[in-house]
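Given chain A, put chain B in place with the hints provided.
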Amino acid sequence: MNGADTAFVLISAALVMLMTPGLAFFYGGMVRVKSALNMLMMSFISLGIVTVLWVLFGYSLAFGDDVGAGLLGDLGHIGFKGIGPETLTGGKEGIPVFAFALFQLMFAVITPALMSGALADRAKFSAWALFITLWVSVVYFPVAHWVWQADGWLFKLKVIDFAGGTAVHINAGIGALAAVLVVGKRIGFKKDPMRPHSLPLVMLGTGLLWFGWFGFNAGSALAANGAAANMAMNTQVATGAAMLGWLAYERIRHGAFTTLGAASGAVAGLVAITPSGAAVNAFGALLIGVVAGAVCSWAVGLKFKLGFDDSLDVVGVHLVGGVIGTLLVGLLATGGVGGATQLGRQAVGAFSVMAYSFTVSWLLAKLVDKTIGFRAAEDDEISGIDQAFHAETAYDHTGVGAATRTAAPALHRPPGTPEQAGPEQAAAPKNKKVDA
Amino acid sequence: MKLITAIVKPFRVDEIREALQTFGVQGLTVSEASGYGRQRGHTEVYRGAEYRVDLLPKARIEVLVEDDDAEDVVDVIVKKAQTGKIGDGKVWVVPVETVVRVRTGERGPDAL
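Chains as they are written, first to last, in our numbering: chain A, -14 to 421; chain B, 13 to 124.
So that you can see chain A by itself, here it is in the shape it has in the complex:
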């Protein structure tokens, strides 16, 4: 066992884990106050759901032995069967499979969470939970197998996807678009002002994402080596450049250097450099960053022109940034790899994931919508889904604490005791049936 590599991958796994709460803040700050908690929860719940699925069958479907044609893993490792502390990846110099499986689990957690931004303010929480359960099982686990398992068909095609341009970002971006087309627009889209309620939260989330992304990208080397160091440097270079690219476009087009633009540009750069790994040099990383920043800054306006309510720009940032990064590495890869042939391979990778993910995501979203209903009730959406699905509100804005909002003794009633009508009961928030 290689101790240094093992330590690096375990730490990287923890770094990537932090990205999901980071994403929750990034998205959470961008929505209005009335649905801030729901936005946080849409990401956070993935840490629960996907972790359980991963143990049950997810790891096996993604990284089990190929069942044929490089499309899916077998069920040989369900419940981590056959894997112990001494089981290593590769030969004697490998790392424990548990370290690899933990690291890969964090990717599976954040990918469905990325889609949540597209459905802000209006999705039923139970429907969302069901949707991502189905989505990781039928879309993410197979696609991860295609791209990262040694027998996966895109892996064998020599598509460069170091850390997840196709499997994570294109996959989530196009999946989000499919879900939006099923769920529909927010009430008041293009009409009501939908300003972010807390840009400081967005900035905090961006910082956590940027920090965790070193684990995401450099950790994908699965070894503490030069490729990891090179990837870490490329990550920083592309992200810095992308922030500047976004801000420059915004200053020219809209006349201001916005905080949200700086945060969005950084995330666009992180997305775009993800597939490259150490395959590009520093100038390649700079170029990828600037292009991603400027193009994504333009692309986020498309939803208004085309009329799909991708609320927090999952398509504009993750799909567009993922495609830019995946294609550009085909041209910019060093060592004689970059060129028309590699660009062709990258395009096959990008478009096959897009086609599969869009189709299946749309079918799954339809399935959820036809069975339990994907969309929150209209009055819940207008008054805010935090109260409807979580029985909480994000902030207490009353200056004098609880004086005007009575904490409800009724809610603390021991189970089984009958409700009593009385003044206390009347003062309590209506304990209406939560259709979450």
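FYI, nobody ran anything at the bench for these hints, they're computed from the structure. Every value quoted in this text rests on a predicted model; they were computed, and no experiment measured them. Be aware that one or more of the hints could be misleading.
[Claimed, not checked] Residues from chain B that face chain A, not an exhaustive set, calculated with beta carbons under 7 angstroms:
no., residue
1, Tyr48
2, Val57
3, Tyr63
4, Arg119
5, Gly120
[Claimed, not checked] Interface residues of chain B toward chain A, partial, derived using beta-carbon atoms under 8 angstroms:
no., residue
6, Glu56
7, Tyr58
8, Arg59
9, Gly60
C-beta: ideal position from N, C-alpha, C; glycine also.
Below, chain B alone, put in the same frame as chain A:
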């Protein structure tokens, strides 16, 4: 008795309060308000989506005074609130039927 209500620029509140204290006003209420008059709002940009913000932040000062003091108090407020630029606000005076001091139950001018 009169109720004087002043809508002013928030950054003028401290000076107004000090001037009123010097004049002899015993108490007042300040609250945050938003509104518009001749001053226009501003535009905010979020990822390229531009929103017009029509309501601007203002401070509302409320003072209860005896009838004879009303004109002078208005003058003090206006003098301190004035910057000469658009959006300085408004001051108005309305008659008050009665005032009660909650702690003692005193009524009328004694309660001021």
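Comparing the hints with the structure gives:
| no. | hint | in the structure |
| --- | --- | --- |
| 1 | Tyr48 | violated, 15 angstroms |
| 2 | Val57 | holds, 5 angstroms |
| 3 | Tyr63 | holds, 4 angstroms |
| 4 | Arg119 | violated, 27 angstroms |
| 5 | Gly120 | violated, 29 angstroms |
| 6 | Glu56 | holds, 7 angstroms |
| 7 | Tyr58 | holds, 5 angstroms |
| 8 | Arg59 | holds, 5 angstroms |
| 9 | Gly60 | holds, 5 angstroms |
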